[in-house]
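Line order of the protein sequences matches chains A and B.
Sequential numbering from 0 applies to the first sequence in numbering that gives the first Met the number 0.
Sequential numbering from 0 applies to the second sequence in numbering that gives the first Met the number 0.
Hints in this document: simulated from the structure, not taken from any laboratory.
Computed from a prediction, not measured in an experiment: that's the story for all the values here.
Where hints are given, some of them may not hold.
[Said to hold, decoys possible] Listed below are the simulated EDC-like cross-link pairs for lysine to aspartate or glutamate, each with C-alpha atoms no more than 16 Å apart in a straight line:
id	chain 1	residue 1	chain 2	residue 2
1	A	70	B	609
2	A	67	B	594
3	A	74	B	604
4	A	258	A	146
5	A	216	A	26
6	A	66	B	593
7	B	592	A	147
8	A	74	B	568
9	B	612	A	76
10	B	278	A	146
11	A	135	A	161
12	A	66	B	594
13	A	70	B	594
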Amino acid sequence: MHPGIIFFLVILGSVLFHIFTPWYWTDIASNWGGMDDTITLSFWIGGGVFIAVCLFMIYCVLKFSYKKDRKAEYKPEDKRLEKILTWATTIGVAALLAPGLIIWNQYVSVPKNALEIDVMAWQWGWQYRLPGKDGKLGTTQVVNINDDNPFGINLDDPYGQDDVLIQSDLINLETNQPVKILLRSVDVLHNWYVPQFRAKMDAVPGIVTYYWFEPNKIGEYEVLCAEYCGVGHYAMRGGVEVQSTKDYDKWISEQETFKDLIVKQQKIEFENKKIVKNNNFLLNKEIYKEE
Amino acid sequence: MSDEYENKAGYQAQSSETISSGGGGSGSASDIDYVRPAEIPEQDLYHGHSFISKWVFCQDAKVIGVQYFLLATFTGVIGLVLSWLMRLQLGFPGAAGFMTAEHYYQFVTMHGMIMVVYFLTALFLGGFGNYLIPLMVGARDMVFPYLNMVSFWSFFVAVGVLLASFFVPGGPTGAGWTLYAPQSILEGTPGSGWGIILMCVSLILFVAGFTMGGLNYMITILQARTRGMTLMRMPLTVWGIFTATVLAMLAFPALLVGALMMTLDNVLGTSFFMPTILKAGEVLEYGGGSPILFQHLFWFFGHPEVYIVALPAFGIVSDLISVHSRKNIFGYRMMVWAIVGIGGLSFFVWAHHMYVSGMNPWFGFFFATTTLIIAIPTAMKVYNWILTLWRGNIRLNVVMLWCLGFIVTFVNGGITGIFLGNVSVDVPLSDTYFVVAHFHMVMGIAPLMVIMGAIYHWFPLVAGRFLNETLGKWHFWLTFLGAYSIYFPMHYLGFIGVPRRYFEMYDSPYMTSAVGMNEFISMAAFIVGAAQFILIFNIIKTLKTGKPAGHNPWQANSLEWLTPSVPPEHGNWGDKLPIVHRWPYDFSVPGSKEDFITQTTPPSEVVETEVEKT
Numbered sequence: 000m001h002p003g004i005i006f007f008l009v010i011l012g013s014v015l016f017h018i019f020t021p022w023y024w025t026d027i028a029s030n031w032g033g034m035d036d037t038i039t040l041s042f043w044i045g046g047g048v049f050i051a052v053c054l055f056m057i058y059c060v061l062k063f064s065y066k067k068d069r070k071a072e073y074k075p076e077d078k079r080l081e082k083i084l085t086w087a088t089t090i091g092v093a094a095l096l097a098p099g100l101i102i103w104n105q106y107v108s109v110p111k112n113a114l115e116i117d118v119m120a121w122q123w124g125w126q127y128r129l130p131g132k133d134g135k136l137g138t139t140q141v142v143n144i145n146d147d148n149p150f151g152i153n154l155d156d157p158y159g160q161d162d163v164l165i166q167s168d169l170i171n172l173e174t175n176q177p178v179k180i181l182l183r184s185v186d187v188l189h190n191w192y193v194p195q196f197r198a199k200m201d202a203v204p205g206i207v208t209y210y211w212f213e214p215n216k217i218g219e220y221e222v223l224c225a226e227y228c229g230v231g232h233y234a235m236r237g238g239v240e241v242q243s244t245k246d247y248d249k250w251i252s253e254q255e256t257f258k259d260l261i262v263k264q265q266k267i268e269f270e271n272k273k274i275v276k277n278n279n280f281l282l283n284k285e286i287y288k289e290e
Numbered sequence: 000m001s002d003e004y005e006n007k008a009g010y011q012a013q014s015s016e017t018i019s020s021g022g023g024g025s026g027s028a029s030d031i032d033y034v035r036p037a038e039i040p041e042q043d044l045y046h047g048h049s050f051i052s053k054w055v056f057c058q059d060a061k062v063i064g065v066q067y068f069l070l071a072t073f074t075g076v077i078g079l080v081l082s083w084l085m086r087l088q089l090g091f092p093g094a095a096g097f098m099t100a101e102h103y104y105q106f107v108t109m110h111g112m113i114m115v116v117y118f119l120t121a122l123f124l125g126g127f128g129n130y131l132i133p134l135m136v137g138a139r140d141m142v143f144p145y146l147n148m149v150s151f152w153s154f155f156v157a158v159g160v161l162l163a164s165f166f167v168p169g170g171p172t173g174a175g176w177t178l179y180a181p182q183s184i185l186e187g188t189p190g191s192g193w194g195i196i197l198m199c200v201s202l203i204l205f206v207a208g209f210t211m212g213g214l215n216y217m218i219t220i221l222q223a224r225t226r227g228m229t230l231m232r233m234p235l236t237v238w239g240i241f242t243a244t245v246l247a248m249l250a251f252p253a254l255l256v257g258a259l260m261m262t263l264d265n266v267l268g269t270s271f272f273m274p275t276i277l278k279a280g281e282v283l284e285y286g287g288g289s290p291i292l293f294q295h296l297f298w299f300f301g302h303p304e305v306y307i308v309a310l311p312a313f314g315i316v317s318d319l320i321s322v323h324s325r326k327n328i329f330g331y332r333m334m335v336w337a338i339v340g341i342g343g344l345s346f347f348v349w350a351h352h353m354y355v356s357g358m359n360p361w362f363g364f365f366f367a368t369t370t371l372i373i374a375i376p377t378a379m380k381v382y383n384w385i386l387t388l389w390r391g392n393i394r395l396n397v398v399m400l401w402c403l404g405f406i407v408t409f410v411n412g413g414i415t416g417i418f419l420g421n422v423s424v425d426v427p428l429s430d431t432y433f434v435v436a437h438f439h440m441v442m443g444i445a446p447l448m449v450i451m452g453a454i455y456h457w458f459p460l461v462a463g464r465f466l467n468e469t470l471g472k473w474h475f476w477l478t479f480l481g482a483y484s485i486y487f488p489m490h491y492l493g494f495i496g497v498p499r500r501y502f503e504m505y506d507s508p509y510m511t512s513a514v515g516m517n518e519f520i521s522m523a524a525f526i527v528g529a530a531q532f533i534l535i536f537n538i539i540k541t542l543k544t545g546k547p548a549g550h551n552p553w554q555a556n557s558l559e560w561l562t563p564s565v566p567p568e569h570g571n572w573g574d575k576l577p578i579v580h581r582w583p584y585d586f587s588v589p590g591s592k593e594d595f596i597t598q599t600t601p602p603s604e605v606v607e608t609e610v611e612k613t
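Start from the sequences, fold in the hints, and give me the full structure.
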């Protein structure tokens, strides 16, 4: 078979694969549909260029294959053609860049009404903290973290006392309520990623990073760690349940605050008259799920 | 050792050579053939006398090139076997009984580092660079042959240290090829003790050795070109390798300091990259460092590194396409400026690897813009390659097939690069298999296609015999179709949201749908890997029984084909250096008898043609 025809079949196969693929993005469950749209636009422009370049190449191969008595054209340059191509490419690139930057601007501009959520990551697990009635999260420090204070909240910070602590890798969100995910890590890089929300950002030890989204579809989603964090990386999963306002309010009212935790700990201490185990709770957490 | 330098009288004579050299012909011919006389006398080279000085600690750039080539290929085969093991785990989890998550991450890491640094970089610059630069610019050897020899042996030791890490307690590092701090030096990552130290030491040795080689490539190209070989008459191969070397000289120091600082953090307990860390319930004695600083250092090296691999490939493929289309490369000057422009821009795009790294998000605007700007000169190169084919007289031999395979895979990978460079599109796709598919297509498969094309193209020069064409076609089609069916569908795994660097997928609904595709990709990977042994078999077979190539078998114009002996001997040019009168792309010039005019052909011999002045 002529090589040109095989190359043509490859390109045709690529197009058909793209049209009929059963593997495509998961149904979106957040406000970031613009990202999907930009990808679609990139597919049209980029895919168009790919197909055009390849078909041109295939045509040349079929049309101009070697003949002893023919001579190739001698034409070192064509200024006009080169200029046209440069400008056409520049326009195409600008057409892709513009929506990309516009959406990025939305991505880095968090709406004022976004609910702040502290996502704390470690090797290998997640836990979450929500602001209490004061609407503000207390400040934290890695060195504060111990059994009594699993989030390392600064005890002298008044905003921290009513923070809602969720010592689980599952968290619930209210539908259509924008959330600002504040990421922190106590050891290495992690990344709190839900494919259906499209958004992600690394959690970096030493600093707090953030991103935001607005979940808009009720349901349960899996959280994946999307930044390599050591041997348990692939097992570092969590979950999100997006709920209606009514269900969410019920759920949040059942959660424990930092103050509740302190009181509870003091009670245990008092009743048992024993010193609270010195081992950090993290020791237990470290055994990640095997299966 | 000075007594070993034999000064031949013939060499010195050239300095006093004047226009009268053409005096034998007619007066008008000598006028148009005038080439500025040499400014300094030639010096003879060091000639090895023993087996060791000729073949082991050799100072001939051609032998060093072959040494680089063989050692890089050897490490590349190790990288290939590692990729098989990874694909075995991904396609058929549990099929390799010994495979633990630790092993998997170690294989991922070593595969990545080997392929990018110890295979591709060493092969393009150390291998092709050494062999081709002196020949293509008309020099007898590199300007610092001794340093060149040390460069190779530093690389040799670097590879030794790298491979030694497989045999130390804890095994090689499993930190991912990016070696991101802090996990690379903390427990919880395989090889966080010995493995990462050896990796850093090996990289430091590599950079040191590479700097010696790189100085040679740069200075040879700038200072040792033969008479008449102006910069704008150099083959694009040389332009590609030259620009890539300049990039490497500027980018590798960032990797070097990154590796040094990481070693200090690891061994002496400094905190360059280490913030306060809580590990297993204890606060470690680190504090105040920045993990993102390491990422900046790494990618300030890492992104130019992509072009350190890509630019030589761009250059080489331009020459191969031109020779085998019997047509000048379209828009030579544009091609040169595109190479230089891409090289310059490549230092302003590194943080597009870090859009979701937690760096200040406002950087995203800048780096997305620079990244998409770099697409413009790159696209121009693609247009010029296919416009070179237009109205050519295309030989559809194995070399050309690799070039066509390169165009398809490179454009494919380049387009997905525009996806990922476009900051907000990167958000859902980064850290997924879309990225894996993208960079394998654009800087794995595409440069590999060029390497293969270059092997089939220059083997007749190096060995004096043609590689077998039928075996070559099998090799090409299995590799091209196989590699394309690995990486094209892999993009769609990324759309589903499958993250990279996952030892196991478990049973998330959108991941179970990928099981069948993973099995298919793994099967294709086994076949493509195995197909590479066709080349090794072909080389071994051809060395003995191949068709003799003779002088200039492809009817090319550039100097490397014009040596008095094939394969070229030490010193390359016999008694007299070649004199260059034109660019290397005078193919199919109207009015000329043959469809090529070599670079050494004086104008007086082709007065009746409509050749353009270069």
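Practice prompt. Could you work out which earlier hints the structure fails to respect and list their numbers in ascending sequence?
Written response: 3, 7, 8
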